[in-house]
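Undergrad: Given the sequences, and given the hints that come with them, work out the whole structure.
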Amino acid sequence: MIAEDILAQEFTRIVDHYYPDLGEVLEQCHVKVITSCWGRNARRFQYVGIYCSDDVLPLIQAHKHLLREVAENMGLIQVVCVNAKKLLRDPLSKLRQSEPRLWLDLHLVSA
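In the working numbering, the protein residues as written are 153 to 263.
Rather than coming from a laboratory, the hints here were simulated on the basis of the structure. Backbone N, C-alpha and C define an ideal beta-carbon position, used for all residues, glycine too. Take these hints with a grain of salt, some might be off.
[What the hints assert, rightly or not] Within a straight-line C-alpha distance of at most 25 Å, the following computed BS3-like cross-link-like pairs (lysine-lysine) qualify: (1) Lys216 / Lys237; (2) Lys237 / Lys184; (3) Lys184 / Lys246; (4) Lys238 / Lys216; (5) Lys184 / Lys216; (6) Lys238 / Lys184.
[Unchecked claim] Ranges between beta-carbon positions, derived for each pair: (7) Asp242 / Asp207: 17 to 23 Å; (8) Pro243 / Glu179: 27 to 33 Å; (9) Lys216 / Ser250: 23 to 29 Å; (10) His169 / Arg192: 37 to 43 Å; (11) Thr187 / Lys246: 14 to 20 Å; (12) Asn225 / Asp157: 15 to 21 Å; (13) Arg253 / Asp168: 38 to 44 Å; (14) Phe197 / Leu244: 23 to 29 Å; (15) Leu260 / Gly175: 15 to 21 Å; (16) His259 / Val232: 18 to 24 Å; (17) Cys189 / Asp157: 14 to 20 Å; (18) Pro252 / Gly227: 15 to 21 Å; (19) Arg253 / His217: 27 to 33 Å; (20) Leu256 / Asn193: 31 to 37 Å.
TA: So, in structure tokens, the structure goes:
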């Protein structure tokens, strides 16, 4: 199985190669491949999570169909866009304790 961070780097490289304008926008975001298990037999699914700031989110949402196409060609099932600032300000979020590296990266993205 290919590591999630390698898949995320490959995803951004492919987007940058085929859609350079969208690649420039994606450079302002934090891209992460997330593995999730679901169902009784614990089937594994991998999808792309794009964490971005308020001003970049509409640009990403406008081209989500292109991002989804790239993800599906890589064997990933979905692309999810998340507002980094809202996630950081969520009082119930345990992100700081569970994934401190991602928490710091989101601060850089949201600034």
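Undergrad: Give a verdict on every hint.
TA: Hint by hint, here is what the structure shows:
no. : hint                        : result
1   : Lys216 / Lys237             : holds (20 Å)
2   : Lys237 / Lys184             : holds (16 Å)
3   : Lys184 / Lys246             : holds (18 Å)
4   : Lys238 / Lys216             : holds (20 Å)
5   : Lys184 / Lys216             : holds (15 Å)
6   : Lys238 / Lys184             : holds (17 Å)
7   : Asp242 / Asp207: 17 to 23 Å : holds (20 Å)
8   : Pro243 / Glu179: 27 to 33 Å : holds (30 Å)
9   : Lys216 / Ser250: 23 to 29 Å : holds (27 Å)
10  : His169 / Arg192: 37 to 43 Å : holds (40 Å)
11  : Thr187 / Lys246: 14 to 20 Å : holds (18 Å)
12  : Asn225 / Asp157: 15 to 21 Å : holds (19 Å)
13  : Arg253 / Asp168: 38 to 44 Å : violated (23 Å)
14  : Phe197 / Leu244: 23 to 29 Å : holds (24 Å)
15  : Leu260 / Gly175: 15 to 21 Å : holds (18 Å)
16  : His259 / Val232: 18 to 24 Å : holds (20 Å)
17  : Cys189 / Asp157: 14 to 20 Å : holds (19 Å)
18  : Pro252 / Gly227: 15 to 21 Å : violated (29 Å)
19  : Arg253 / His217: 27 to 33 Å : holds (30 Å)
20  : Leu256 / Asn193: 31 to 37 Å : holds (36 Å)
Checked against the numbered hints above, the structure violates hints 13 and 18; every other hint is satisfied.
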